[in-house]
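Peer 1: Okay, here's what each chain looks like letter by letter:
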Amino acid sequence: MSDRRFFIALCAVLALIALAFVINWPATSSQAQTDAAHFPTSLAEVRAAEPGRRELSIQQWQTDAGSRVLFVHTDQLPMLDVRLVFNAGSARDDDLAGLASLTNALLDQGADGLDVDDIAREFEDMGARFGTSSHRDMGLVSLTTLSDDEFRTPALALATRILRSPDFPEDALGRIRTQMLQSLLMQQQVPGPQVARAYNNALFGAHPYGIHAGGSPESLPRITPEAVAAFYQRYYTAGNAVIALVGAVKEDEARQIAEQLSDALPAGERAPALPQAAIPGEKTQTHVDFASSQTHIHIGTQLVRRDHEDYVALYVGNHIFGGGGFNAILMDEVRQKRGLVYGVSSSLSPMAAAAPFTIALQTANSNADEALGLTLDLLADFVADGPTAEQVELAVDYLTGSFAMSTASNSAIVGQLGSMGFYDLPLDYMDRFQRDIAAVTPAQIRDALRRHLDPQRVVIASIGPRQPEARLPEDEDGARGDQ
Amino acid sequence: MLMRTTRHTRPAPVMHSMIRLLTLRGLRLLALATTLCLPTSVWSADLVPPTHEFTLDNGLRVLVRQDHRAPVAVVMVWYKVGSIDEPPGMTGISHMLEHMLFKDTKHLSPGDYSSLVARFGGQSNAFTAYEYTGYYQQYEATRLPLALELEAERMAHLRIDDDEFFRELQVVLEERRQRTDDNPNALAWEKFTGILSPGQGYAHPIIGWRQEIQQYQPEMAEHWYERWYMPGNATLVVAGDVDVDEVRALTERFFGAIPARDVPARPEPRQADIAGERRLNLVMPVQVPTLYMGWNLPSLLTAEDTHEFYALSMLSGILDGGRSARFQRNLVRGPRLAAGVSANYRGLARGDGAFIVSGTPTPGTSLDQLEAAVEAEIRAIVETPPDVAELDRVRAQVLSSHVFGQDSLFGQAMELGYLSVLGIDWRLRAGMAEALAAVTPEDVSAVARRYLTRERRAVAFVEPHVAPDTAQETADE
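Sequences listed follow chains C and L, in order. Counting with the numbering used here, you get residues 1 to 483 for the letters of the first sequence. Counting with the numbering used here, you get residues 484 to 960 for the letters of the second sequence.
Just chain L, with the same shape it has in the complex (with noise of 0.2 angstroms):
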């Protein structure tokens, strides 16, 4: 009955789900009425409640979705910086300033804000990506004044204090030990993601490296928030039991009065080549083995070519859309290769995109055993299109999820506010079915060729200090 929040929740397992977790939404929920198996009477337009979209004049952009369903709204502000954003040295600043904004500000002493949400039922926590930081609160819907006024008060009025700035430090060397330094299959997800995409800010973990987080200090902090959080840097989302009207004046009221500013530049990460085949063997304290392969290739807004987008989505969904999809049916099943197997297209982002597979061996099988049974998977494709009932089986679960995602008002908040700091348009969706009926089986069969390739990929092998079992043992090497 009672939700209990858990702030800052973003490791980097748990980010690799998020990513996950957003690419299916992209892939699963923007889509609409489509001519497909599926009739058109249950796609209507009008399922979409109505969505508004302004900007004040010091820059905040403003989404508005209109769901009256309950009587209840949710606030979100994203800013456009995230860990891709931080130099060397200061890994992971996103984050520790992110932990800040629950602290001091011009009106408010650390604990005042969580108090003041509470005292109105409210729910907040905030949350730091690669690409973004987000700051929410949902609330019965009449309390949206004050959650407005808390998120403009944070936007403008942060104070970091010293003290509390060490002390929270602290915490986030707690959190990274308990996310990270000991859990060894978030380690070693850290340690693939650093040879996924060399050079890059995907590169270091979002949390940052732990010998950076110990030199924090607290100017690094009140630069990032000076150089990053402005209007003109931000998106406001309001979702929910509101009007526009409403959340226009209400959005005038506490924010516009807020100075414009100067958006620093914000490069756009690009791998200048292709990177080259990069393979990690890693020996760590697991008691199960672990496969990660991942590969290079264009993302939605890096393709030349759009479709190539709804081509690899459409793989995405082949390999690992459903219980009844190739991996499931052919790894874990069938000849009983993986406990576990997934892929994930991260076609959603701002930098290039990647594929990502991962997987863990059943008793007995090799991780080479697994890797050469993944790349059959993928070459069988490569070789013979998949069938068309394949496809118009990604296609319906994309459709119905379309619906069944739009139970979740804070799902449609994130939605809108993703695709909005990745500056591309909500109606996304609108164009999606129709982009996602038009690939064809050939048109998946030349995204794996084209992009599934060797020098494209990094592999990473997660092995036991000592194999688990005899079995394992003979079945290695």
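Here chain C stands alone, though its shape is the one from the complex (with noise of 0.2 angstroms):
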């Protein structure tokens, strides 16, 4: 069978290298041969087409009070997207965890002399959206308002005005602490968070990226609102925003909008860089006891941020191993060959101060062994080796072809621009990013890894009934039988 099957399947692929494209076809019979070698019938008209682009103008400027902004206008849609980015995330905390994200959370919950209902009450009645987010990096404010002046003019003086002149009451921050106090135990019911927290502390240690953004039991009832407008002051400033603004709204409109939110800003400078996150100095394993099904592992290290030369190998090297979905090493071993977890990837998070590199999988208790070992051995494996010319161009004409998807809706333009803003990107880096991803080699992606990931130097954490220990399988050609 797996004989015939191969030789068929050699005819099949023979057949596609015609066309430029490599996949191991199935076949039973000689008529399935010949479908095989048809199918899919669209492949050359797909391969012949002209992709579509969507050409974006940016614009980019500075706001009289320094702040940074990004603009792009569309006019299909009578709506627009403004986004605040402040380099004012959870690293920033210092000693009061909880803090960016209390301060981010306050924004709305009154503004000069206004109370939170009536705050709510008037954006909801102009249907505009305002919310506000906080991550270790950034803290995030946002509108989304129809475009017709009639709306647009009071949700952006509401906005305004909140960004002016924040309250801070003290009742709204004792709630809201109570709320995250609750979101503190509501993670302690399930193993997901634990283990991110776990892995996150044991990657990063005392460096600011470790503190928690939800704050503890301990942190959050520390938090004045003294601290919280303080906190407003230093890092909601001018000089520390980047604006992007998306829709349906001329230039000189979006320069207006953006100059009457920046100077409603406290004056200030960009915050100072976070100082860089070390690179862990041996292997450590931790692990969290508690009473799952599953047995949940994070495994990972730091690798280098955009501005470094091998990011781009490492970026596409992170899709090939872990990243790309179901054409993933991981997922392809771990999950199809073996059906050990449902869910199993990678990732490679570039911040501003670090480049967490993190494998993450979930496994039935009684699998825990084999699957961390089955992963830390196909680590081992792609460092020294690498991916073939085939994985890497797999992933090239997924990464590069999937790009129009990016900017198709104002949503994801306006994130982009955020980025581009906040990590200080040139304007055509979307572009170049393309371009270099183009031309990423396998051995480029090899020397990158070997370069910058020791498989004998990575962070484990994890949480189950017991630590699970690293075990190889014992058979290689992936069958399994019932537990």
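Quick caveat, the hints were computed from the structure, so don't treat them as lab data. Just so you know, these numbers come straight off a predicted model, no measurement behind them. Be a bit skeptical, because a hint or two may be false.
Claimed, not checked - Straight-line alpha carbon distances no greater than 16 angstroms define the calculated EDC-like cross-link-like pairs of lysine to aspartate or glutamate that follow:
{"hint": "1", "chain 1": "L", "residue 1": "K589", "chain 2": "L", "residue 2": "D644"}
{"hint": "2", "chain 1": "C", "residue 1": "K337", "chain 2": "L", "residue 2": "E709"}
{"hint": "3", "chain 1": "L", "residue 1": "K563", "chain 2": "L", "residue 2": "D756"}
{"hint": "4", "chain 1": "C", "residue 1": "K337", "chain 2": "L", "residue 2": "D645"}
Said to hold, decoys possible - What the simulated footprint calls covered on chain C by chain L, stretch by stretch (three residues with Cβ under 8 angstroms from a Cβ of chain L suffice, anywhere in the stretch; the number is not a length):
{"hint": "5", "segment": "124-132"}
{"hint": "6", "segment": "361-373"}
Every residue, glycine too, gets a C-beta built ideally from N, C-alpha and C.
Please assemble the complex out of the two chains, which come individually in their own frames, going by the hints.
Peer 2: Quick look at the structure:
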């Protein structure tokens, strides 16, 4: 069976190489062989088609108060997205974990004498959406409004009023603090957030990225309205802000809107750069005991940030290893071939002062040793051997071919602009990144992996009834019986 | 920058929010020009991109939305089969079958589908729900022929390999552990839905009972595929930078040859009588107690008078249509009885609808107190019709959300597909604004009075093994 199958598959492959396309086709009869050689029939035409491109004209300028602004005009929908990105994430919490999140969440709870009900009612009467969110690097404020002047002007006026004079009312602080404490308790009910936190602690240690953005039962009660107001004055400043605008307004209107918002912010400079996070010096393993039916495992280290010359090679490498969904090595080996997991993936997250590379998987407790051993083994092999040419070709085809979707909506574009401004990326960054990806070679990926990723010096964190011990699977063909 | 795919993402709590999403979409996105204070200039009918529908000779229904903002296209195939159709012993088989559609077909081996999609820069995934099973791909728009050919292949030529089946069964068990078994709130939700729609297909989890998943046989999935996967039981949605004539030709080319087959009768789920009050007290490994309340009432499809659907939608908006709505104002703020609380009218459903409230009390508040506070909010609406300003605020959000919702091509395709599998004309949106505008404060009180009654409701209390702190202890009982 296997010989014949291999032969027929080979025929199919040879036929398809003519189309410069390699997939291991199945076939079980001569009829199927003929069909297989022609399936999909649309291949040639799709390959020959010239992919469409959406040309984005990005305008960039600086406000008088020093905010960096990025703007894209789109006029198909009568709406405007505004996003302010501040270098004001939980990495700035210092010894008051949760301060950045609380400050961010309190912005629309009272301002300039308006109470939370007034603010909510006013935005909702205009059909506008005002929102805030807080992350490790960033604090975000966003407004989505109809672009028609009748709605846009009052919505922006209210947003401006909030940014100019947030009141940080004490009762709202107490209420949101209670919600955050509840949220910490709820995180203890499920394994996922706990293992993420243990991993983050192990990877970052005392670095500011090791701070838990949601705070702790010890830190949250110590946060005062004064601390919140001081955080706002220090980090929500015009000089520390990126303003991204996308929608149906003209450039002169966008300039006026950006000036108005920037002018409302406290005067101040960009926040100082964070210290670089250290690369783990040795292999460590930490475990949280928890009565779950699955063991969750995170494995990782630090790679390089966007401005490093090896970033693109590692970005593509991560995609091949675990970032590329069902085509990734991890998904193929751990789930598809062995059925050990529902989810397994890796990610590379370039931040302002770190670039964590993280593998995450969840598996039945009885499979935890095998899944951990297999994953570590796959990682070691990947670093030693690098990807194959076919793997790189598929990854590059996907990463360049899917680019059209990353700018397909106003909300996607405003997200891209916010990142570009925040991380000081050049205006042609998206195009340049595409070109660099297309040019990457298997050898470059292998060499970059060898330079930056030592599989013997990774941080491992797990949660479950028992700490897993790496064990290699016994059968190599991927077959696996019932448990 | 990089979007990752996570396939088969549909646990009970996610379904909950999914249905909420769709219900809100029903409420908020399906609206057009109206007589409200918002000027009609913003709401020209041109705002809805051109939409076409046609049916192939074999029964396949096709909906095409031409939206040329970006060179991308979304392709979805929706099958009218979901977990509500599953008999005992086969719970979750729709979801299991969905997993198998990524494995073998006549021309594809496991892995081929995903790598073909990736080769052309596409993203794909699938979703199983109570009432449907859906598959999607999205690409740069010139990849449309490939997307359609792949979906036609899956519609007509699935092959289930025994080894692959049993290996995937382990994956589904892992999925169930991850989504439900290790999440006490998801488990509690599963138990609550069991009493919310007793004796109906909605009463078992979409992913299925663990003991039944463990006993699946490949023949069950084959049978399910044979029974439900035919052109006449599916809707194809194509949205994006496409042209209807091009789509028509491609659809004929790839789907036209699939033979028509009889579509089995699909019973309409209906609750015969009012079920009576049901209560569930659950002690679970949670740190924070949770309250679930649900009322059985009509959906758009089962309401004798569809006006009630719109009034119930407004009721949901008045209670929880935003941060200024009553639940946030009176339960989360004000006396601070709830750390979080939500109301959601599940009014777009194949069977009867449900009105669902869930919440977590603040420390020091008992579930009894939170339940009483929710009841008091409902009673206030029953006794005193809400202000017109509250209704207008809900309507303003409905209208703006209609615009904002069109920013997502995927969301537009979801809406078309969902309405289609429910048998509702996608033009529902055209009449929605007018219908909502006609809802009076008294109408809202009337539906609350008629439907949010004791004998229509199910209530679940979820409490920790041990009270998390002494404040909780003293406040309880």
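Peer 1: Now tell me, hint by hint, if it's right for this structure.
Peer 2: Hint-by-hint comparison with the structure:
1. With a CA separation close to 11 angstroms, the supplied pair K589 of chain L and D644 of chain L stays within the 16 angstroms bound.
2. This hinted pair does not check out: K337 of chain C and E709 of chain L have alpha carbons roughly 27 angstroms apart, beyond 16 angstroms.
3. As the CA atoms of K563 of chain L and D756 of chain L are separated by approximately 26 angstroms, the hinted pair breaks the 16 angstroms bound.
4. Between K337 of chain C and D645 of chain L the alpha-carbon distance is near 14 angstroms, which keeps this suggested pair within the 16 angstroms criterion.
5. Under the rule that three or more residues need a Cβ within less than 8 angstroms of chain L, the assignment of the segment 124-132 of chain C holds, with 6 such residues.
6. For a cut-off of 8 angstroms, the count of residues in the segment 361-373 of chain C with a CB near a CB of chain L stands at 3, and the three-residue condition holds.
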